[in-house]
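If you read the protein sequences in the order shown, they are chains A and B.
All letters in the first sequence, in the order written, are residues 1 to 597 by the numbering used here.
All letters in the second sequence, in the order written, are residues 1 to 597 by the numbering used here.
Just so you know, the hints here were simulated from the structure itself, not pulled from any lab data.
What you were told as hints is all true, and nothing was included just to trick you.
Identical copies look the same in the list; a pair holds intra-copy or inter-copy alike.
Okay, derived cross-link-like pairs now, BS3-like style, lysine-lysine, Cα gap no bigger than 25 Å in a straight line:
#1 Lys330 to Lys224
#2 Lys330 to Lys506
#3 Lys256 to Lys318
#4 Lys47 to Lys5
Protein chains: 2
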Amino acid sequence: MTDIKVPLRDMRFVMREMLDTDKHYESLGFEEATPDVVDAILEEGAKFCENVLAPLNQIGDQQGCTWKDGEVTTPEGFKEAYQQFVEAGWPALPHDPEYGGQGLPASLGTIMSEMVGIANWSWGMYPGLSHGAMNTLEEHGTEEQKSVYLTKLVEGSWTGTMCLTEPHCGTDLGILRTKAEPNADGSYAVTGTKIFISAGEHDMTDNIVHIVLARLPDAPAGTKGISLFIVPKFVPNADGSLGERNGVVCGSLEHKMGIHGNATAVLNFDGAKGFLIGEPNKGLNYMFTFMNTARLGTALQGVAHSEIGFQKSLAYTKDRLQMRSLSGTKNPEGPADPIIVHPDVRRMLMTQKAIAEGSRMLVFTCAQLVDITHKGDEEAKKEAEDTLAFLTPIAKAFITEAGLESANLGLQCFGGHGYIAEWGMEQNVRDARISTIYEGTTGIQALDLLGRKVLMSQGELLRRFTKKVHKFCQAEIDNEALAPFVSKLQELNKQWGDLTLHVGGKAMENPDEVGAASVDYLMFSGYTVLGYLWARAAKVANEKLAEGTAEEDFYQAKLKTARFYFERILPRTATHAATMQSGAANLMDLDADHFAF
Amino acid sequence: MTDIKVPLRDMRFVMREMLDTDKHYESLGFEEATPDVVDAILEEGAKFCENVLAPLNQIGDQQGCTWKDGEVTTPEGFKEAYQQFVEAGWPALPHDPEYGGQGLPASLGTIMSEMVGIANWSWGMYPGLSHGAMNTLEEHGTEEQKSVYLTKLVEGSWTGTMCLTEPHCGTDLGILRTKAEPNADGSYAVTGTKIFISAGEHDMTDNIVHIVLARLPDAPAGTKGISLFIVPKFVPNADGSLGERNGVVCGSLEHKMGIHGNATAVLNFDGAKGFLIGEPNKGLNYMFTFMNTARLGTALQGVAHSEIGFQKSLAYTKDRLQMRSLSGTKNPEGPADPIIVHPDVRRMLMTQKAIAEGSRMLVFTCAQLVDITHKGDEEAKKEAEDTLAFLTPIAKAFITEAGLESANLGLQCFGGHGYIAEWGMEQNVRDARISTIYEGTTGIQALDLLGRKVLMSQGELLRRFTKKVHKFCQAEIDNEALAPFVSKLQELNKQWGDLTLHVGGKAMENPDEVGAASVDYLMFSGYTVLGYLWARAAKVANEKLAEGTAEEDFYQAKLKTARFYFERILPRTATHAATMQSGAANLMDLDADHFAF
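Bound conformation, chain A alone (with noise of 0.2 Å):
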C-alpha cells in the first residue's frame, strides 16, 4: 500500500503561482489569511490528512457503518479522529467569527476539504455535510438559530445534514411529500421518510442538526410550496444544554458500493420538531444558496479520487517489474523493466495527472470566486457570482466524470492486482461512482449549464468567460513558447460560441434539443476550460523557466503535462462537437415499447 500525500507542491503552483491568493486575500480584506497563516494551514492541514485521515481510509471501507435500534457506530477510529478535527479548530476555519468561526476565506475551507477528500472521502463527509448546513444557517438563519445552532455547528460538537431526497423523488423536488405542521408554540412538526442522508447518523458528536425540505399545509403544489426547517436529533434546551429526543429517527442504513465509511441514511420524522428557516415557501431558493457550495464540495471528490489513483499507481508501475520497453531494455540488471516504460501505461498515467492537477486548477478558481462574492464589492461580487454560476455545473459534472475516469486507469495500472481489495485502487473506483450522481447528476448539472445558465442568459455568461480566454489568447499571441497552446485554444473558444449558437437556434423549434446536446455541449465546455487553465499553467512555467528557477524538473513537468493534455485530451471535443451537432432526432424518434422486443 502506497503512503498518500497531500500535493501540496502542486497546490502552492495552482494557488500563489497561478492564481497569486496572497494578493488576493489582500486585496479582499482577508486580514488574518497571510501567506504565513496560509502556510500553516497547508502543513497541519497535510500532516492532519496524511497521519490521522488517510490510514482510517480502508478501514471505513472495509468495516462500514453499523446500525442497531437506530444508533449508527461509525468505523474504527472515525470518532477519534472526528475529536482531533474538532480540538484543532477545523470544522471553524471558513466560518463567522461571531459564532465562533475563524473568518477565513472560504477557498482555505476548499484547500482543506481537498487535502481532506483525498485522505479519506468517506470521513470527509461529515464535517463536509455540516458545512452546507452552516451555509445555509449563516445566509438564511435568524440570530435565535445561529446563536443556538451555528456556535455549536461552528465549534463542530454537532454536525449538520441536507435532508433533501425522498424514496419517489430525488431530481424531481417538486413532487416531495414531508409535510410541516404548525405547533401551538410556532414549531413545526415534520412528517415524512427522507433517503440518501449522507452523515444522517452517526456517533461522533452528541447532537445532528438535519435541514429539512418538507410543505406546509397550505402550500402550493411544486417547486414553490417547499419551505426549509431545522429540525435537530435532541431539541436544545434554552440554556443550550441537550432536550428532548426529537422524533426523528434512523430507519436504516444503506448498502452502497461505496463510500463505506460514511452513513447513508433512512430518515423517518414523526411529528419531529422543526424550527422554519427564513420564509415559507421559499425553501427551494435557499437551498440553491447551498446546492452551488455542495457542487463545488462534490467537484472535489473528482480531484480527490484522481489525486489517490494517480499517486498509487504512479508507485505501482514504476516498482512492478513485466516485459520490456519496447525501445530497448531499460532495466537491465532485473528480470523485466519497470512498467512505466510502456507508452500505453504512460497514456494511463499521464491522463490521471492532467486531469488532477487540471481539475485542481478549476475548483480554486470556483474557490476564489466564492471568496469575491463575500467579500468583493458591489460590482466584482456580481461578475463572480455569475462566473460562479456558469463553472460551478461545469466543475460538477466534468471533474467527477474525468474523476471515475482517472480512477479507473488508476485500477488499470495494477492489471489483476487492481482488482484487489488489498491495492485500494478498486475502493477508490467504487468510492468514485457515487460522486457524478449525487447533488445533481451529469445529466442535471448539463440542463443547467446549457439550458439555465447559457441559453436563458441568451449566451451572455458564456461569452464573459470566452472573452477571458480571447483576452488570455491576444495576449499571447506572439509568446512563441505557448504558440501550440493559443492556436488551438482560440480555435476551440470560438467553436464553442459556434456551437452553442447551432444548439440554441435548433432548440428553439425543439426544447428536447437542449437535453439531446446537453452532457456532449458540458463534456465539450469542461475540456475547453481545463485547455484555458493548462495554457495558463504553461505560460507561468515558462515564465519560471525563463526567469531561471531551481526547480527546473517540476516546471518542465508542468509543460509536458500541457502538451500532453493538449495533444492527448482536448482531441475529445472533436467527438463531443460533432454529437451535439446530431440532433435530437436519433434519441427521440424510437418508441419507448420499441426499446426492446
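Could you slot chain B onto chain A? The hints should help.
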C-alpha cells in the same frame, strides 16, 4: 428487481438474418445442428438461464465463496444449478463425440455461454474455464489424457482451470518460476504458486483438472522454456476412480471488487504430480490456442454486462416518474413523466442498446469463424484463422471497454438508486470491471492487434478486412436507404488504412510509437468494425421492411439504432484518430522521476 430475459429475438436476428447460421452449419457438415436443434438449444438454454441461474446472481455477489482449510464453498444454489447443468448435458455441447461430446458447432457453445453470462457471469466461469481446459486437451492431449480427463470434463463431472499467473508475473509469462521436475514414473513434480486462478477450487465436482504452465529443469529462459502440464486435484486411478489427493492446495481466495460468486484462488503446488501435455517447452504456443477462445469468451462478458445494464435501466426509466418532458407533459395523469422521455436518459439507453446488440454481432461473427477453423476446407480454414487473429483482440478489448461503459450508464440511469446494492446495477459495474483486465488487458490486446497482427503482417490482415468492408460499400453504393451509413463507412475504412500507414511509418523509426498509438488504434478499429456490422444490420432490416413484415417495429428499431450508432457513437473515431497521430513524444518525454514532486 427486473427479471433478466435472454434476448432471443435479437440473437435470432444476428444468427439467422445477418449470419445465416442454418446454411453455415449445413455447409460445414454439422448435420446435427439443424434449425430445430438450434431452436431447442436457444429455448431450453434461455429457460435454464432465466429460471435457474439469474436468480442466483445477486446471491452469489452477496455471499461470495468461502474458504476454510483449503476447501471452498460456493454460494447457495450454485452447486445444485451446476448439477442441473450437467444433467442437461450442456458441458458436452460443442465437444468431440469420441469423448462424450455432442459434436455441435463451437458457435452454439458461444451462444449458450452468452445466455449463461447474461444470467450469471460468476457462475458461468466454472463451466467456462472447463471449456478452456477441454479445448487444450482436445487439441494437444494424448489419447490416454483425453480418455482419462477429457471425458470427465465433457460430462461435467470434473471441471478444469487454466493456471498461468504467478505473484510476480501476469502479462509477462516469460519470467514465470513454477518448476516441473521429472519423476521416475514419467510424471513430473510441479512446485510453485499460481494466483488469480478462476474457479480454482470449489465444491461443485469431485475433482478439478488444473492445466498449468511450468518450467522443466533444463528449460531455456524466457517464453521458450515453458511447458504445459495436467495437474489433477485428485490423481485418477487406472480404472478412472479418484486416487490420491495431489499436492495442490488452495491457499486462500482473493477479496475482489466483483464476480464474488466465482472463486479466485491462490494455488500452492508442492511437488504435485503433473503430466506433460505435448512436447516440452511448447507450452506457451499451446496456451495461445486456448487463449484466443478465452479472449472471445471474455468478449462475451462485455455483451452480458451491456445487456443486463440495458434491460434493467430500460425497465427502470419507463417506471420512474421524475420531472416533465421539456417538450410538453407526456404523462398528464401522473405526478411527473417517466424519465425515459428525457433525451439524455435516452442517450444512455440507446448507447447501451447499440453496444449490446452491435457487440453481439461481432462475437457471433467471430464464433462462426471458429466453426470454420474447425470444419472448413483448407483455404477457408486459413482465411478464417487469419480473420479471427485480427478480430479477436478487437472483440476482447473493445467489447469489454464498451461493456464497462454500458454498465456504468445503466447504473447512472438509476440515479442514486443505482449506487445502492439492492437494484443490482452496482454489482453489474463491479462484475464488469475485471473484463478489461483478465485474459490480457486492453493495452495488451492493443499491442497484439497493432504490433503483432497488423504491422507484422505488413498490413495484410487489415487489408483483408477493409476489402470486405469496401466490397459491402460498393455493393450498396446506390442503395438510397443505406446512403448515410455507406458513405461514412467508406470514409472510415479508408482512414483506417491511412492511419495504419502513418503509425507504421513512425514505428519504423521508434518502436515506442506502436505502444503510444495502440489503444486508440484498437478503439478506432472497434468502432469501425461495429459500424460495418450495424450497416449490415440496417441492410437486413431495410430488406425486411421492403418485403413487408409483421414485425415492422422490430426492424424499424434496428434501423433507428443503426442511425443512433452512426450519428452518436461513430464520431468517437475522430478523437482516436487525432490522438493516435499525436505521437509518442508527449508520453515518453517526461522522466519517470518527474511525474510527481
